[in-house]
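*Asks:* Sequence:
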Amino acid sequence: MEQQTVFERIYAVVRRIPAGKVASYRQVAWLAGNPRWARVVGYALHRNPNPDTIPCHRVVTKDGRVAPGFAFGGAQIQIQFLEQEGIGFSDGHVIMSQYQWQCTPDQLK
DNA sequence: AGCGTGACCGTAT
DNA sequence: TATACGGCCACGC
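The UniProt record's numbering puts the first residue of the first sequence at 1, with every later residue one more than the last.
What the hints contain is simulated information worked out from the structure, not anything from laboratory work. One should not assume that every hint holds.
The calculated lysine-lysine pairs, modelled on DSBU-like cross-linking and capped at a C-alpha distance of 35 Å, are [stated by the list, open to error]:
1) K62 x K109
2) K62 x K21
3) K21 x K109
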């Protein structure tokens with residue numbers, strides 16, 4: 001049954017991120033099952049971005065900075081997406097204390 | 001089956 | 001503040 005790859009679990013988590021909120025790579029990894037998967041999260045989104053189903057623009061670094069090599073056309077594009085959802089920035093980074101997705105693995109079930 | 005890859009993160013210089 | 005390096009780990013060739 002549980003033949004799900006880590007990638008699929010990661011995608012599943014990213015899909016649950018609500019509009020107007022962001023999650024860090026670390027956080028996605030944690031929710032997906034293992035906090036040490038942060039790199040894998042980035043790798044997964046880079047290798048297999050499904051823009052239609054996966055809102056990968058809502059995933060940022062732990063500091064609220066966007067990824068340097070964002071697939072859709074650079075960090076500026078990603079920032080624009082987030083601003084459209086009402087996410088507030090300060091000095092080029094998301095105000096994590098205010099806009100970070102508050103979620104526990106239990107809520108994902 | 002082994003190795004290179006990377007949209008991370010923490011610490012050191 | 002800016003680089004550099006090492007650890008981390010699944011995926012694809």
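*Asks:* Holds or violated: K21 and K109, Cα atoms, limit 35 Å.
*Replies:* holds (19 Å)
*Asks:* Given the hinted pair K62 and K109, is their alpha-carbon gap at most 35 Å?
*Replies:* Holds, at about 24 Å.
*Asks:* Are the Cα positions of K62 and K21 separated by 35 Å at most?
*Replies:* holds (13 Å)
Hint compliance for this structure: every hint is met.
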